[in-house]
Amino acid sequence: MTDPVARLRGVGLRYGPVTALEAIDLELPAGSIVGLIGPDGVGKSSLLALVAGARRLQAGSVEVLGGSMASGRHRRRACTRIAYMPQGLGRNLYATLTVAENIDFFGRLFGHGRRERKRRIDELTRATGLAPFVDRPAGKLSGGMKQKLGLCCALIHDPDLLILDEPTTGIDPLSRRQFWDLIARIRAARPGMSVIVATAYMEEAARFDWLVAMDSGRVIATGSPRELLARTGSPSLEAAFVALLPGERGRGYRPIETPPPDDGHDAEAAIEVHGLTRRFGDFVAVDHVDLRIARGEIFGFLGSNGCGKTTTMKMLTGLLPSSEGEARLFGQPVDAQDFETRRRVGYMSQSFSLYSELTVRENLELHARLFHLPKETITGRVQEVAGRFELLDVLDALPPTLPFGQRQRLSLAVAVIHKPTLLILDEPTSGVDPLARDAIWRMLIDMARHERVTIFISTHLMNEAERCDRVSLMHAGRVLVSDSPAALVARRGVATLEEAFVGWLQDAAGDAAATDVAPPVGPEASTPPPSRSFELRRLLAYSRREAIELMRDPIRATLALLGSVILMFVIGYGINMDVEDLTFAVLDRDGTTTSRDYALNIAGSRYFIQRPPLRDYDDLDRRMRSGELSLAIEIPPNFARDIARGRTVEIGAWLDGAMPSRAETARSYVQGMHAKWLAGTSLALPLANLEVRFRYNPDILSLVAMVPAVIPMLLLLIPAMLTTLSIVREKELGSLVNFYVTPVTRLEFLIGKQFPYVVLGMVNFLLLTLLAVTAFGVPFKGSFAALASGAFLYILAATSIGLLFSTFMRSQSAAIFGTTIGTMIPAMEFSGMIDPVSSLQGIGAAIGQAYPMTHFLTIARGTFSKALGFGDLQASFLPLLIAAPVLVGLSAVLLRKQET
Amino acid sequence: MRAANIVHLGLKELRGLARDPAMLALIVFAFTFSIYSASTAMPEQLNKAAIAIVDEDRSPLSARIVDAFFPPFFMPPSMIAQPEMDHRMDAGIDTFALDIPPEFQRDLLAGRRPTIQLNVDATRMSQAFTGAGYVQSIVASEIDAFVRRYRANVPASVELALRVRFNPSLTISWFGSVIEVVNNVTMLSIILTGAALIREREHGTIEHLLVMPVTPLEIMAGKIWSMALVVLAACALSLLFVVQGLLAVPLQGSVALFLAGAAVHLFATTSLGVFLATVARSMPQFGLLLILVLLPLEMLSGGTTPRESMPEIVQYLMLAAPTTHFIMLGQAILFRGAGFETVWPQFIALAVIGLLLFTMALARFRKAVGETA
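If you read the sequences in order, they're chains S and E. The numbering used here numbers the first residue of the first sequence as 76 and each following residue consecutively. The numbering used here numbers the first residue of the second sequence as 45 and each following residue consecutively.
There is no bait here: all hints are sound.
To give a feel for the contact side, a few chain E residues facing chain S, derived at Cβ under 7 angstroms:
| hint | residue |
| --- | --- |
| 1 | N49 |
| 2 | L70 |
| 3 | I187 |
| 4 | R209 |
| 5 | F219 |
| 6 | A239 |
| 7 | P340 |
| 8 | F379 |
Chain S regions said to be covered by chain E (calculated; three or more residues, Cβ under 8 angstroms):
| hint | stretch |
| --- | --- |
| 9 | 386-397 |
| 10 | 440-447 |
| 11 | 628-634 |
| 12 | 721-732 |
| 13 | 887-896 |
| 14 | 908-916 |
Bear in mind the hints are in silico, worked out from the structure with no lab data behind them. In this text the structure is predicted, and so the values were computed from the model without any measurement. Glycine residues also receive a C-beta, built at the ideal position from the N, C-alpha and C atoms.
Take the sequences, apply the hints, and build the full model.
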């Protein structure tokens with residue numbers, strides 16, 4: 076054996092209190108296929124992520140391709156030679172990008188030129204049979220095709236080490252077979268390549284060169300499949316693995332057998348389906364399916380990915396209305412409103428769909444309650460079901476902390492909590508290890524045989540299909556055959572059920588898929604250039620991809636542009652700082668011409684609107700409390716007479732102070748009006764004049780003041796929100812792993828993602844400015860160049876704020892919440908939109924001084940209203956120039972290049 | 045049995061929220077720090093306004109006028125020369141510039157009624173108006189006092205006794221803190237319910253609910269009561285401890301009545317959250333929709349600028365927004381001490397808007413649920 080491709084020493088890994096890996100010492104041979112086998116949650120994925128450099132090393136050392144993966148420099152050098160395909164169907168792919176665009180993106184990340192990329196895309200898609208689908212979005216591919224595409228993306232840079240984490244989980248037998256053929260051809264063409272695979276399928280593992288058996292975060296055995304079989308003296312790898320398990324768990328392995336059903340009971344049909352059809356637009360997902368499943372029968376549903384199994388099941392549960400045909404459960408037509416039928420059916424969907432924020436016990440109790448189990452029986456029933464599905468030890472754990480197999484058991488437990496007489500199970504064992512799978516099957520068989528529960532189950536596993544009473548094979552929306560497994564094997568005249576099915580599937584698929592044995596991937600024509608620490612090409616690869624995604628989601632882009640236009644109209648017209656049309660009423664105790672003249676003087680101004688006169692103090696109090704009056708005036712008795720006699724009289728005025736800014740303005744109005752009235756009656760002449768000139772906005776139009784302030788606000792909120800979500804979304808959906816394992820650097824990633832939103836922001840800026848000048852008629856007096864360059868710097872800063880927020884947030888809902896608080900409040904309160912920043916106090920003043928919007932607001936108002944240019948606004952440009960680099964730099968420091 | 049379903053579904057939401065430390069931290073932040081900083085940052089109406097004075101008179105009277113400008117209303121005036129004035133205003137250094145002409149005192153005493161010029165930067169809307177009024181009355185009273193020393197008898201006059209009710213000193217933080225509470229109530233309730241629904245859809249759990257004997261109405265009602273309860277509790281605590289405690293705002297009316305109003309308001313806003321979540325197909329779309337809806341709701345409800353100064357059409361349109369009524373109700377109860385006999389129309393308006401939004405949301409939710417499956 077040559078030098079090992081990877082060497083692990085004393086590797087340990089913990090997720091909080093949970094130990095994932097413990098004291099792993101391992102040398103993985105180069106140039107061969109190494110398989111990692113073991114139940115779910117034993118640390119296979121963690122180990123692969125460490126070897127790929129996607130996860131941060133906590134303890135011990137990992138050497139891959141002759142260097143330590145703890146060193147950032149070695150990782151950067153090594154990642155051009157490693158390819159990593161994480162677990163989950165198409166998890167590192169981009170659903171809205173087409174097949175070609177996905178591969179192209181990875182090609183760009185590894186620095187291939189245009190022609191080289193084209194050549195490789197052609198070659199890889201031909202080799203994988205994806206060539207006819209290069210223009211199909213990845214999200215619309217079937218599971219098997221997604222995995223092939225994932226492989227294409229992984230192989231684009233001719234890796235020396237290929238790391239595959241459960242690549243065939245959830246894939247139908249035909250696709251699985253094609254996938255391994257492909258790997259074999261690639262290895263034949265590149266003999267030096269090492270492959271490390273984690274798998275739950277023992278029959279696959281049997282074909283690998285070297286195996287690592289793992290349990291509970293430890294390695295329990297290594298060696299070739301033959302060595303392992305010999306060591307344990309077992310007939311099959313599955314049995315060998317069980318025998319290798321330490322202690323009690325190793326004993327008691329026994330194959331599963333399904334006792335024959337009691338005859339004479341199947342007269343009653345649990346499910347009856349005639350001509351059931353479902354169309355999505357032009358696409359026929361389910362095409363005239365006929366089925367009859369007897370009560371107490373275990374009925375298997377097989378077929379390639381995306382052939383309509385799930386759709387059929389959803390129609391039976393009433394989740395999806397059918398387009399045509401009839402479906403009956405227990406003789407009753409399926410009716411979404413019929414709660415009686417719902418109570419008799421238990422359903423388990425393909426993906427884990429329980430509440431991850433509730434504990435196992437809480438999940439079970441919630442479902443028991445929603446199914447209206449009698450209150451007093453709930454605790455007992457939960458205990459009973461938990462015992463049956465071996466969940467008693469984990470009742471208070473949260474589902475995400477559980478291994479996959481236990482989570483599937485929980486899903487099943489939830490599906491049976493209300494003792495249904497029909498179970499509809501959509502791939503319940505997909506991704507579950509053999510031991511857990513057998514446990515689930517024992518329970519199912521037990522329920523079918525002893526409680527006459529009808530079980531309608533879909534699966535990709537042939538040994539599971541063999542346990543069913545009858546199976547149906549579905550392809551492209553149609554049922555090809557239905558019969559007992561033995562009968563099907565006999566009918567096809569082959570040895571195994573798998574061969575029988577592959578045969579039928581190949582017949583049905585025609586020659587297209589099967590005969591597409593294209594030339595294997597050729598040897599590298601050019602090695603990718605060595606990775607440098609900053610490369611524009613990679614940055615642009617991310618920008619391009621982000622831009623395509625943005626264009627494929629027209630609603631998002633339209634909302635961003637149209638939304639800001641609508642908001643500008645609403646706020647520009649709606650916000651008015653002028654205080655006008657204040658309501659007032661008079662309590663006139665004098666009732667003379669003079670007193671009426673005083674009231675008329677106020678009513679005559681455009682600021683006040685007169686309401687019916689006040690009757691007394693109670694009336695005054697009531698109407699002011701309700702907010703009907705903003706001002707109340709009381710003119711005392713003998714008002715006119717006292718003035719005439721030269722006595723000093725006092726007029727009472729009450730203002731509503733609930734809204735201080737309005738009251739303040741109203742106060743100055745009242746005082747002014749009073750002075751004017753006095754002047755009119757020549758009781759007092761002013762000694763000097765004060766001439767007030769309102770500058771820049773002589774009519775004091777709110778519009779002129781507000782519109783230039785609305786633009787900065789909108790250019791902050793929307794780009795920041797979009798940028799934050801674009802990164803947090805990758806975190807939540809899993810494609811961030813591409814950033815971990817490719818040569819792209821933090822800055823390339825951040826700036827690359829930011830760039831399209833800066834462009835969108837600039838388009839938005841031009842649109843808003845144009846509208847301000849045309850639709851709103853706001854005069855533009857200053858330098859447009861100054862405004863535009865200010866806007867550019869500002870949008871850079873706004874999107875950088877989004878980048879910074881994204882480094883703190885894990886979930887999209889928290890990101891929305893955090894970004895709203897982090898942008899909307901400073902924008903509305905602290906940036907000088909309403910109150911000048913110089914007059915703010917305390918924390919708000921500090922935020923205001925530092926916040927980029929403050930400075931762009933000065934530029935916007937200066938260029939719009941004050942005829943200013945670069946020279947005058949220097950002081951505001953400086954902070955904007957600094958903002959983006961500081962924010963991006965900070966985000967780069969906070970963003971981790973590995974998962975922790 | 046239906047009510048039981050609603051209770052259990054709501055309890056499930058509460059449990060989930062309790063296990064989401066990021067969300068909890070943000071809720072606490074929104075109802076403590078955010079309210080405190082926003083209300084203390086807002087300037088008193090005229091606070092530290094920047095004023096420059098061009099004193100071309102240099103007389104005792106002009107000196108007297110200059111001395112009359114001092115904090116907190118004004119910054120100590122910058123004494124500048126006439127040519128500097130325009131430049132300084134352009135650069136936004138001064139909001140006000142007062143120009144006292146040469147020979148001002150002499151002309152005044154001679155009864156020639158000289159003119160002082162006041163330049164105001166009218167792009168600073170909030171200060172321009174009030175500030176000009178302040179400057180006017182300060183200058184007038186200084187002149188008046190100065191002249192009284194020279195003239196013996198001043199004619200009797202009509203005086204104006206102006207009193208401000210409900211907030212006699214016009215402390216703006218009183219107002220600011222309550223508006224901020226109201227705004228955060230709206231924002232949180234929409235985000236919490238909307239995001240909770242989208243998360244159920246993205247994680248596929250909604251499908252699970254729909255195969256059970258549970259109706260869309262029950263699912264929605266469960267979310268609404270639980271999230272409304274969380275926000276209501278946060279709002280109550282914030283009023284008690286932050287607004288009344290820390291900020292020492294004297295609340296006039298019954299806090300209980302206000303919270304009852306908030307509950308009706310929350311019925312409307314949580315329904316709105318559900319509605320938005322059924323319109324948006326992903327979280328990014330929801331985020332944008334949120335901005336699109338929240339901004340007008342907060343800026344045009346009468347909390348930021350007075351309603352009566354908005355164009356009539358906006359005033360009418362905003363009557364359809366729950367926030368408008370909630371702000372009216374909040375101001376009336378908390379500041380003016382109004383009782384139910386005064387604010388019942390707002391209660392009815394909120395209830396009607398809430399019912400409408402709820403019905404619309406339910407219709408869309410039923411439809412959207414059919415599509416996602």
